[in-house]
Structure formats: C-alpha cells, structure tokens
Amino acid sequence: MKMNKRIGVFFCTCQGKVTEKVDYGLVTSEIRKLPQVEYIGESSDLCCQTERELICRKIAEKKLNRIVIVGCVKPKQERQFKELMKEAGANPHLLFLGDILEECCNVHEKGALCTFKALEMTKMAVARADKLEEVHYDKIPVNRTVLVIGGGLAGIETALESAARGFKVILIEKEDKLGGRLSRVNTIFGTDRIPAFLLEDKIAAVTLCSNIEVWTTTRLIDLDGNIGDFTAWLDTNGIVTNINVGALVIATGVQTVFCPVKYGLSISGNIIGLMNFERMLAEGKDFNYKRISMVVGKNTEAYALPFVIAVKNAVLIRKKFDAAVNLFYTNMKVSGDNWEKLYSEARGLGVHFFKFEDELEISLSQGEIAISYEDPFIQGKIPGSYKIVSDYIVFPEELVPAEETEQLTSILKIEIAPSSFMSVDNVHILNESTSRDGIYLVGSCQYPGFVNEIEMSAKIVAQDISRRLNADIVEVELTQPYVDAAKCVVCLTCYRCCPHGAITIEHGEHYKNLYRSAARMNPLACRRCGICAAECPGKAIQMPDYTDDQILAQLEAMEV
Amino acid sequence: MNHNYQPKIVVFTCENSGWLALKHASALGLLIPERVEFIKLPCSGKVDLLYLLKALEKVDGTLVIACQKENCKFLKGNLRAEQRVNRAGKLLKEIGLEEERVRIVYLAANMEHKFAETVQNFYDKIRELGPNRGKVMK
Chain A
2 MKMNKRIGVF
12 FCTCQGKVTE
22 KVDYGLVTSE
32 IRKLPQVEYI
42 GESSDLCCQT
52 ERELICRKIA
62 EKKLNRIVIV
72 GCVKPKQERQ
82 FKELMKEAGA
92 NPHLLFLGDI
102 LEECCNVHEK
112 GALCTFKALE
122 MTKMAVARAD
132 KLEEVHYDKI
142 PVNRTVLVIG
152 GGLAGIETAL
162 ESAARGFKVI
172 LIEKEDKLGG
182 RLSRVNTIFG
192 TDRIPAFLLE
202 DKIAAVTLCS
212 NIEVWTTTRL
222 IDLDGNIGDF
232 TAWLDTNGIV
242 TNINVGALVI
252 ATGVQTVFCP
262 VKYGLSISGN
272 IIGLMNFERM
282 LAEGKDFNYK
292 RISMVVGKNT
302 EAYALPFVIA
312 VKNAVLIRKK
322 FDAAVNLFYT
332 NMKVSGDNWE
342 KLYSEARGLG
352 VHFFKFEDEL
362 EISLSQGEIA
372 ISYEDPFIQG
382 KIPGSYKIVS
392 DYIVFPEELV
402 PAEETEQLTS
412 ILKIEIAPSS
422 FMSVDNVHIL
432 NESTSRDGIY
442 LVGSCQYPGF
452 VNEIEMSAKI
462 VAQDISRRLN
472 ADIVEVELTQ
482 PYVDAAKCVV
492 CLTCYRCCPH
502 GAITIEHGEH
512 YKNLYRSAAR
522 MNPLACRRCG
532 ICAAECPGKA
542 IQMPDYTDDQ
552 ILAQLEAMEV
Chain B
123 MNHNYQPKIV
133 VFTCENSGWL
143 ALKHASALGL
153 LIPERVEFIK
163 LPCSGKVDLL
173 YLLKALEKVD
183 GTLVIACQKE
193 NCKFLKGNLR
203 AEQRVNRAGK
213 LLKEIGLEEE
223 RVRIVYLAAN
233 MEHKFAETVQ
243 NFYDKIRELG
253 PNRGKVMK
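Protein sequences appear in the order of chains A and B. Per the working numbering, the very first residue in the first sequence carries number 2; after that it's consecutive. Per the working numbering, the very first residue in the second sequence carries number 123; after that it's consecutive.
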C-alpha cells in the first residue's frame, strides 16, 4: 500500500542562536506553501524532553510519516531524534535533519541572503524527506566457528581466548607441531617466565580444551564468503577439506633472514644472527669473558624488536658471563614500557654503546673481529678512527613476513602494507582489523611484535569476534546498498571495486533478469561507503538514506 | 562583467572529512559565501557522475571534498571520486564548458581554516569564470 506522504517540519531556534540571523517567520510562511508539508512546528529547544513528547504527539495526531528537523545536527542529537522516531512508532530512517545552525547561521553574516539560504536548505530537506524510504532489520544466521591460521604464540593465544568465550576454534599450522618462533627464544622481556615452559603450558591448554581442534601440516588454499559465513578450503598433506567458519584470525608471524653480506662479511662461526644468538643462549653456550660486539643498523631498525632484544641480551651476558659487550647503533629505539629502564640498566652494567652514522668497517682476521669506529660527535677533532676487537659479532636478522604471505593475502583479498607485512585497516578503530570484516591480524603478521602485545591483541580480537558474532542469529539493520535485479547485468564492476570484499554474486530463479543472477551486498560485511552504488554503470545499486532519487530531488529543490 | 554577479555552488562533502571540517569551521565562526550548498555523503566515493552533471544543470560550479589521499576510511573512495571528477571535467570540456567548474579537494577533518579558504577560493574562481552557460533553463 502506498501511503500518502505527510511531512512534518519542526524548527528549532536553538535557544535563539538561529533566529539571531535567520527570520523563521519568512521561512515558515514559504514552507507552508509546499503541498507535501502537513505540519510546521517551532520551538526554542527541540532537544528538551517536553518538546520531544510534543513531537511524538504530533506524529500520532497529524499522522505524519516523514519528519524534517531544522536546527543543529550533532551526532548526539541525531541519535536522540532517531530514538524519538522509534518511540513514536515510526521508522528512524524517515527522518531528515537540516543543519541550519552550523551550515548557515554560524558561517554567514546576518542578512537577507542568510535567511534565503535557510529557506533553501529547508526546501531541500523537505524535498529529500519526500523521497525517504524505510529501512528494516533482518536476522541473519551466523556460524560461530573461528579459524586461526598459524600455530605460534599469537595463534595459540587467540584460539584459547576465543574458546574461552564459547567459540569453536580450528587452529591450523603448516608445520607438524605447534610453537612457532617463540620456542627458539631464550627469555621474554618483561616476564620471568621461560618461553619453552610458557609454550608448553599453552600447548597443553590447547590440547586439553574441547572447543579447539588442531590441524597440523595444514594450509589454507581458498576462501569464499563473508563474515559469519566463510567457506575455507584446507589442504592437509594433499587432502582437501572444506569447512564453514564465521571468522578468520591470521597469525602467520615473521621469518628472519640473516645476511651479514650487508656489512661485507661472509657466514662464519663467530658471526651470529641475533635470534641465533638467543637460541645459543637458550642451549647454554658459554660466553665467559668473551668480547661481543652487537651492531643494530642498516634496514634492521624499522621495528623496535631488534633494539630491545639486543639490549636485553647485552644485559644478560654482561650479568651472566661478565662478557665485554659493545653495542653499535644508529638510533636507539627504546620507546616502550620499561625499555628505557632496561637501557639505563645496560649502561649501568657497563655495556659500551657506540653511535655510528652510516658505515662501519668490519674486518675478520684470525678468528677476531675488528671494527674501526669513528665517533660522529668528535669527528675531525681527533684524527683517525680507533679499533675495537671482539670475539663474536652479533647482527639482528632482517624481519620479513612469513613465507607465502603474498599468496595468503590474495586468497583472503586483503591489502599488503608498504612494509610488505599485512595491512591493518584503520589504526584508529581497531588495530587488528583488516579491510574485510571477520578477518583479523594477530601478532607479527602486521609487524614484528612482543609477547605482551600479542597477548593483548589476542584478547582484543577474541572480544571483537564475540561482539560481532554474539549469537547464532544476529540482527542487523539493512542500510547496506541493495540491488535492483532487473537492472543488474552481472558486470562485476561492484564486485571488483568493493574495498571490503562484501559483494557476492547470487544465482536463482527469483532474479528477474537474463542471467538469473545479481550482485548482493552482505549486510554484515558491508561498511556502507556507497562506492558500489556510485560505480554501478546500470544504476542498479541504491544505497538507503542516500539513494539517487533523494540526492537528485535535493538538487532539484535548489534555487538557481 | 556584472560586479554583483554571485555564482551558486554545490559542495559534496565526505562525512569523514569535509563535513567535519565544516562543523569545525562553523564552531570557529569562519565565514563561507552564502550561495554555497553542502550535501553530505557517506564517502566521497559515493559522488556519482550523475550528481555532478545534474548539479551543473542548475549551478555554476561543483566542488567535491574528499579525505586526504591514502587516508580514505574505505581505502580508495577518494581516488574513485577523483576519477569521476576528471571524467566530469572531460565531459564539460567536450560540450564547450570550462573544466574548472568541477573540482576535487583533499582535506582532513581538522583543517577547518583550509576548508573555508578552499571554498572561498573556488567561489572566487567560479565568479571569475562567470555564469555557467550550460545551465538548463526551465
């Protein structure tokens, strides 16, 4: 049934702030002439409770089905008025707010033009309100299983956290056992726990937990669908199985590449990578009274991890083996919790810190390493450089994304950041989210992280998954763009341009076009940007609240 | 040229940048020419070629305010808006109008002074160009 449009326009003077510059008398007398306008109300403060009750009453009394509120629009007010519409039993999307105060009064000087603009804005608002459509809620069944890719600390931690929130978890790992890189680490900065024991405990917890399934030697080979309803194809030793999951967590981590060639050195027994050094310490190698040089610089300084590990180990070997430690650095990045303290401790223990600028001359002779060093601060004042001789030299390895990261991102349809790690969508909203809803990054797959950071991310992600998939059936407002199947020619333009991979092509006899198929925007995955609606060559896609009709009507109502 | 000539402009603003910049400008009381209309969109990527051309049937210039490049909330919305604005410019040129009547500007939400300045500059520019010869008279 098509209902007659009865528009109610409510003016708010915002306690006289609007009427200071705009003559509402003139505006209302003009608006009254519009045929669709059924009721005009004016008030000094629409935000107050009595006025809200009045609006409710008027909606019922005059059978208003479109409401225009003219005054100021702050997000808070917008929410309040939407609530009000619900209270009055109307659809909150049948409301249009014209921001006279901020768009007109505050930015213009008092005068006839200002009133004229207010009138015009009200007319445009009425024209737009005339075309407003209702938006309803829908209930969508979702799958409450989480697929965690990567069995390192990040993966294990997320699996445990998700399982604790009542989700079924499938944890896949490409190696034949869980553990990841943490098993090769000697100590964790910030805790006294030994990594091997920590991991053992976690792995035991995973195996004990009935909600977690562990699939080793398994990798993800394909993915389809959207949040709440992903289909993942998994390859276990050549056997392909497909499973349905609700959300994915990527915890693939980093890999290290050791290249002493950068410093003109070849691989030799006393040239050690930082992670390797860490492992040697864990295995109990003796460094008693040795002279050890560490060099942090040259492309290894993009992340804070190498600095902290280097300083941590410098402190450790200084204490344990009484070794002479020289730490060469270009920049010292100690900007985290307690890192500065660690740095001062190292200084206090007698670790020698040397700042260098670009080049260090390192030469290897008879099992000894000689570094010729020139202090940049006293350069030129003291002639020549001096030599530092040591038994071992330690470089941090390059930190690069884990193998197959590129393949994985193309399967997942997510972005790669300039650092070649996986890209986080918006650091201001959620540091772990990707451009696709339901796919999260935990741990070192976005950048090399620390244990405490990983533990925190795992909690955040588990929490966000339980927020999104809070029940077997979730309720969602259908404000996502919709497709007119009769106009859709399945050109895939929207499918390709959607930045969130939220569009799928659906097939069925009920689509009344030549192809019996049409694009569909997933209401859970869509983030309502409207790019598809604007890009659609056939104008088959319309976005609720911003349909072409509405905006063109608004333009049409404008005075020349 | 008529010195009293006042052009009319439509500004399509992204609600994550231009719209907020407008709110901040209004909070500071910065002045914007009166004959400028603002239309809010969820992302500058929602700017349709149709909106730009339909608007130009009635007004003298259209301005699109998008987020800074590589800073779009929806990854590439502003780049898509840019392409559409370029396309609109080309179409205008083809029918013998000035391309400058449609323009895209990249702003952040906290650049309210730049916002007011940009709108004013665009207004002045359109004023120099004179009335839009492509207006549809009804």
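By construction, these hints were calculated from the structure, which means they are not laboratory data. Treat each hint with caution, since some may be false.
Stretch-level coverage of chain B by chain A, calculated; a stretch enters the list once three of its residues show a Cβ under 8 Å from a Cβ in chain A [what the hints assert, rightly or not]:
| hint | segment |
| --- | --- |
| 1 | 143-157 |
| 2 | 161-170 |
| 3 | 176-182 |
| 4 | 198-208 |
Note that CB positions come from ideal geometry on N, CA and C, so glycine has one too.
Tested hints:
1. Proximity of the segment 143-157 of chain B to chain A, defined as three or more residues with a beta carbon under 8 Å from a beta carbon of that chain, is established by the 11 residues found.
2. Look at the segment 161-170 of chain B against chain A: 8 of its residues bring a Cβ nearer than 8 Å to a Cβ of that chain, three or more, so the hint holds.
3. Restraint check on the segment 176-182 of chain B versus chain A: 4 residues with Cβ-Cβ distances below 8 Å, three needed, restraint holds.
4. Requiring three or more residues with a Cβ within less than 8 Å of a Cβ of chain A, the coverage given for the segment 198-208 of chain B holds, as 4 such residues are present.
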